[in-house]
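Trainee: Residue strings, one per chain:
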Amino acid sequence: MLYFSRAKAAAILLTALVVCGFMIPNFFPEQTVKNWPAWAQRRLVLGLDLQGGSHILLEVDQNDIRKQRLDTLRDEVVRTLREARITWANAPAVRGNSVEVRLREGPDFPTAFGKLRDLSQPLGGVLQGNGMRTLEVVDAGGGLVRITPTEAAMIERTRQTIDQSVPIIEKRVNELGLVEPTIQRQGSDRILVEVPGLGDPARLIEIVGKTAKLEFRMVDTSMSAQDALQGRAPSDSEVLYEKQGDQRVPILVKKQALVEGADLTDAQASFDQRTGEPIVNFKFNSTGARKFGRATQDNVGRPFAIVLDNEVISAPVIREPILGGSGQISGSFTVESANNLAILLRAGALPAKLTVIEQRVVGPGLGLDSIKAGEHASIAGALLVVIFMLVTYALFGFFANVAVAVNVAMILGILSFLNATLTLPGIAGIVLTVGIAVDSNVLIYERIREEARNGRSAITAIDAGFTRALATILDSNITTFIAAAVLFFIGTGPVRGFAVTLGIGIITTLFTAFTMTRLIMAWWVRMVRPQTVPI
Amino acid sequence: MRLLRIVPDNTNFDFIRFRRFSFPMSAILSIVAITLYFSHGLNFGIDFIGGTRMEVQSKSGPIDIAKMRSTLSQLGLGEIQLKEFGGSDTVEVKITQQPGGEQAQQAVVQKVRSALGDEVDYRSVDVVGPRISGELLHWGIIGIFVAIGAILLYLWFRFEWQFALGAMIANVHDIVLTLGFMSITQIDFDLTSIAALLTILGYSLNDTVVIYDRIREMLRRYKKMPMTDLLNVSINATLSRSVITHVTVLLALLALLLFGGQAIHSFTATMMFGAALVGTYTSVFIASPILIYLGVGTGRQYVPDAPEEIAVESPPTAPARAPAPARARR
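Chains as they are written, first to last, in this note's numbering: chain A, 685 to 1219; chain B, 4 to 333.
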């Protein structure tokens, strides 16, 4: 147990040295480290609780996705039936989670039903089909056909929605000029936005929480909005509201959009030359310019509405055809809201509504205090343990302290190598590891002492002590490791940071107990040839 | 230099007989803890019940909590708790979950910010919506059960089922008492509390396993020693280690408690109670003695003569026996 070949000893020391070495970049300023080779740049990242910042968790609105899906499905049904020249008894309509249509019963019914069933596609394309389909088409009797999107298809759609949303959110956040934001998807229906150093995320939330669906639509002047509100609105129009001061004014607009925000190439906030009010200038791409030009040409003298997320921003009258492909939106903007709108238009619309479901903000003051608290606690904890070990075991206590110091350095090295995030609970995990790490030494020393008491010579006692204690150390640490692993999987943010340091701490503890402590002891035994155990 | 000896060599305390006292005591304490849990409940943090928590620091001198309370109560946000936090210039504001879904929660922050104005700094703001809080609680509870299950499985493989069961009883005992502690102190029960509970589990087991390991070793080596003696010898032999280790952990936790700041205060306080106080007691006074009732080593007396270990390895309190042949088995 106490014999190490030269090669083995070298391998152990080299491993420890390399692992410890990974923590070196943390001691140099970031600017210096940037010039180092890529593999040497890995360093600890301070968690948001230590450096301050905002953590915003967004969730895609499932109802919005379902509603959109059902609306397009209804349109598909209408188109399919019209193309096949099939007449219906009751028009297709969205009811609950399905689209329902009542066809005429009779000899034509099977063909019509077949057409509708063909709308359903294998999920995930024909090639990698897994037997699941996008739609469930049911003949409910009496000519009624019920078409329901399958759960699997909805999940797939949610996943796609998130995939499309992430780059848009990224664009929007970057436009805000924030430093080092991270945007990542979480699970199947969430996006996590983290921005270090941001103490008030109000504007961020406003920017990421908007769908920003811009539409140019004609105002329906066939009746007044008041009449339409009485329930007599034409089927191709709807009542939307415009915010004027504190009031919400109803406006009847066509459902069909002339041009949509997707056709914009640029948008900039600016000021109206005449009134000095904040406005947003925009440019269309060539398709958008053509569509907008034609629409304005046909409708000179009539009002149209600029609609953002189903709210009318303004409803100006078209004075002349706008053929140049650019224009401006004026409304009751402030400088900030004009800027926000420009950002939103440049970044594009989200495919579905996102809701903020969690917000955690740490101000810079608390972050600094926490770093200080972490430092003080680490130093105090280390000092207390070191002194206690020296008082209890003297020389062996010194050995233990060396092993624990190597241990902590290795934890920091591994965390740096993983680019792990260090949180305040993470620091607590390290401090706790110091307490647990000495336990392996205590186990060994107490066992040696016991073996010596039972009459063994110093060297055989040390040897036997190691052999027996190591089995125990393994067993006892694995149980703690299981707890840390569970915590890692269920935890988020700071708690996960704690699980990571605790888990890594256990691994390094096992390494130092099985190698470093033994190696030190082996050297000491060879040099001193002890007759009695000094503890 | 004389070394510090917290536990003298060759202790010979009859832990097993002490179970006549420790078992009823633990039973009573557990009942008290469960009663407390149901009568006082836990002080759930916003992680689990949703809502808003803000740490607000005045830019000039102490905060007038009464005045702030009246300002905030005019916002019509339901129940609002205000509490001094760490110093007289810092206040913790807790606002219950608002009716009206996820967006209503997020709106609270803006309302409070405009009501309190520029006189204060916002050291931290947490808003947890109903969906997340439900999930966190769900996963927290699942996590504790999964951890217990996984550890049990491991102990079952490494030892025997009796040991796994004994460890589980000890585990549940730890968790129940810690929950009682949280209930009586009304410490915030949030995500870090789950972390604390799981760490206590791991830690208390760590200790239990060390003693079990020794019991298993003794069982293999001394086939004829009566069970009570064997357990006592095992606990006494590992006692010094148990105490020294717990002192070091206590020292580390003490440093965290004194210097670690308010953010992890409830975590360290819970750990201190659970790991250092309950964990040690449990592994020595509950987890080990209970093995007798679970039938470990019954019928040992009838095992035919097996070669004993060499004489020098005789345990400190082994009963007198015939001189054994000097032959090691390994």
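For the record, the hints were derived by calculation from the structure and aren't laboratory data.
A quick note: this is a predicted structure, and the numbers were derived from the prediction, not measured.
Beta carbons: idealized from backbone N, C-alpha and C, even for Gly.
Careful, some of the hints might be misleading.
To be verified - Straight-line alpha carbon distances no greater than 16 Å define the calculated EDC-like cross-link-like pairs of lysine to aspartate or glutamate that follow:
id	chain 1	residue 1	chain 2	residue 2
1	A	Lys-855	A	Glu-890
2	A	Lys-751	A	Glu-835
3	A	Lys-751	A	Asp-802
4	A	Lys-939	A	Glu-784
5	A	Lys-894	A	Asp-993
6	B	Lys-114	A	Glu-995
7	B	Lys-114	A	Asp-993
8	A	Lys-939	A	Glu-995
9	A	Lys-894	B	Glu-105
Said to hold, decoys possible - Stretch-level coverage of chain A by chain B, calculated; a stretch enters the list once three of its residues show a Cβ under 8 Å from a Cβ in chain B:
id	segment
10	1033-1042
11	1149-1160
Trainee: Evaluate each hint against the coordinates.
Mentor: Status of each hint after checking the structure:
no.: 1; hint: Lys-855/A with Glu-890/A; result: holds, 14 Å
no.: 2; hint: Lys-751/A with Glu-835/A; result: holds, 14 Å
no.: 3; hint: Lys-751/A with Asp-802/A; result: violated, 22 Å
no.: 4; hint: Lys-939/A with Glu-784/A; result: violated, 22 Å
no.: 5; hint: Lys-894/A with Asp-993/A; result: holds, 8 Å
no.: 6; hint: Lys-114/B with Glu-995/A; result: violated, 23 Å
no.: 7; hint: Lys-114/B with Asp-993/A; result: violated, 24 Å
no.: 8; hint: Lys-939/A with Glu-995/A; result: holds, 13 Å
no.: 9; hint: Lys-894/A with Glu-105/B; result: holds, 15 Å
no.: 10; hint: 1033-1042; result: holds (count 4)
no.: 11; hint: 1149-1160; result: holds (count 5)
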